[in-house]
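Trainee: These are the residues of each chain, in order.
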Amino acid sequence: MTFADQCRALGLSGLLAFGLALTGCNQASTDNTSSTTTNSATASSSSNSTTTTTTTTTSGQKGTYLIGMSQANKGEPWRQAMNDQIAAAAAKHPELQVVFADAAQNNAKQVADVENFIQQGIKLLIISPNEAAPLTDVVAKAYDKGIPVIVLDREVNGNKYTMWIGADNTAIGKMAGQFVAKWAKDNKANPCNVLEIRGLEGTPPTKERDNGFRAGIAANPAVKIIAQQTANWTRERAIPVSQAMIQANPNFNVVYGENDPMAEAAIISAKNANKDLSKILFVGIDGLPTPDGGIKSVMNGRLGVTYVYPTGGAEAIDWAVKILEQKQKPPRKVVLKTEEVNKSNAAALYKKYGGK
Amino acid sequence: MAQNSTAPSTAEPVISNPSGSAATANSRLYNVWQSALRFQSFFGLFLILLISMFASPIRDGHNVFLGADNLLNIVRFASENGIIAVGMTLVILTGGIDLSVGAILALCAVGAASCMMRHNLGTAPTVILMLGLGALIGVINGVVTTRLAIQSFITTLAMMSAARGVASLWSGGYAIPLEFGNGAGLAPDSFKSLFAGQINLLGLSIPVQALYFLIAGSVAAFFLKRTGFGRHVYAVGANDTAARLSGINVNRIRIIVFGISGLLSGLAALLHAALVNQGSHIDGQGYELNAIAAVVIGGTSLLGGMGTVLGSMIGALILSILDNILGLRNIQSEYQLILKGVIIVLAVALQRQQK
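Going down the list, the sequences are from chains A and B. In this text, residue positions in the first sequence follow this note's numbering: the first is 1, and each later residue adds one. In this text, residue positions in the second sequence follow this note's numbering: the first is 1001, and each later residue adds one.
Calculated directly from the structure, the hints in this document are not laboratory data. Predicted model, so just to flag it, every value in this text is computed and none were measured. Fair warning: there could be bad hints in the mix.
Distance condition first, Cα-Cα at most 27 Å in a straight line; then the derived DSS-like pairs of lysine-lysine [unchecked claim]: (1) A/Lys343 - A/Lys275; (2) A/Lys74 - A/Lys92; (3) A/Lys188 - A/Lys279; (4) A/Lys279 - B/Lys1192; (5) B/Lys1192 - A/Lys271; (6) A/Lys224 - A/Lys275; (7) A/Lys337 - A/Lys207; (8) A/Lys182 - A/Lys271; (9) A/Lys109 - A/Lys74; (10) A/Lys207 - B/Lys1192; (11) A/Lys279 - A/Lys185; (12) B/Lys1192 - A/Lys275.
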């Protein structure tokens, strides 16, 4: 039993130290080395995480702003990109120190994350909520304590937050639809048959990207969606889904994936079915500037076009600086613009969005 | 799934009884019912094939479901889950469970992509390292389960979390894309053809995934049926105290089956990475449940000691066919989830009637 206990204690403190060291890497603050050592030392003497994180706050230098970033689910690459962009933007401001929390798609965990941030004495909260209703109260609590709150992407209910920054899925879907409508006309595809791979039924982005797309293709009556299936936003699920769609509907001109990984999966399936890829247009959305992302895929000639669904990470830090340092009053709502990623501008956009 | 109506046509011959009293008729029916239950997974497969054939869309006079391409697709997608289910069957036969298979798949897929794309390793070292890693994680599952006397449900739940964490750190939070070709910074073409290619057999281009599935299943089935190891696996699952008293090294058997489960998850990871052209830390979520579903549909008891690898392989095929036909019919995935649930409950309900 003692052996087991030792293992557990060792493993736990080791993991904690390792995790903290990694978080430290993301931070720009100069004192991260000292805070990391403090934390791991406290962790190995088996105290709980709240006390260790409070140590970080008190060790923070005078004149620095501690910002809490509560992420709904770092497991999604798009949200990982949001965190990375926040970290990169904050790195340009040495006076900012950002601490990250990942709720792993769990509302209750995210409520606790925000409560922890409040305990740590954050000067500003950035939150990308997992869901609106469960997070509304705790966001209001922070706001009532005088902590400015920047909400990213998904919204919270009521008006107890400082500002919302996000993009418009319907507008992006519509741009994709208009592109397809024009492509069909230019390539004299009549009828132009579209296979649509949807995200997750019942989630707003799935519906909005579909509504927008339908509005966009309405410009050309030759364009028809002949089949649609959901694939849970993932490439692995979209492969069997698209394979069956292609078997059932071999005559198609366009695949519209509601995100890039699903469109990529359709390319793999089409290749397996011996389709002439040069005659098919593959459309995605998200346009992440990562090695596995949509921009790179357009650069490599796989996706025909994708649309950047901006994370708002960089903008959130811009506004944080304006709120904290320049005491500006921000607008309630900032809607971010998308950008079309095509063969001619992909390389430039990859650079612009910080792709490595 | 095994309905009375389909049973008599294929059931074992029943000794005819000219007197035909009510009692013997009943017992004859009972025998038929029992033999039907024994082969429930076959009947399930037969039934779903039949339904799919009739439900299939017809294009240009051809049945889309029965098209060679489509049938090969079904086998291709059954393979990953099927290979994992083979390992899962061994673990479940000993009375354990392995919840870490999906996470091991993610970790080994990330590892394979990292080896080839970042460290310029060739196909052979990558394969050896990743199969070794999978087996090692499985052995750790087994050692922790036996030495610390923790239920495998807990051990592998913990491993599921830990392996995914490591996969995420290793990949850096994004998928590592695999680009194939020859040269630095590219994954070798041989990896793609070895794990996602096709082989020409009798004029059909068979996906290699199907061969791995077949080999993994046959080898496991052979060892279970024909060797002492196999008998020990059943003995441990049926009654581990009795097994221990009769001189079987119960812990060693447990560690070996977890090792095999890990190894096969590693193999599935290689197939997965080659198919989706990436190694991603978020891949393979819910794969443990798909594998358990295949095992259960195949007639293996979660209590251990009873079941077959062949059943699990058929279970994986059934799930893949279900997925395929609903896709061909353009039916939403929600219904697939519901149907899967219904089929699992039916399979277990039938299993409980078996004597």
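Trainee: Looking back at the hints listed earlier, which ones does the structure fail to meet?
Mentor: Of the numbered hints given earlier, the structure breaks just one, which is hint 10.
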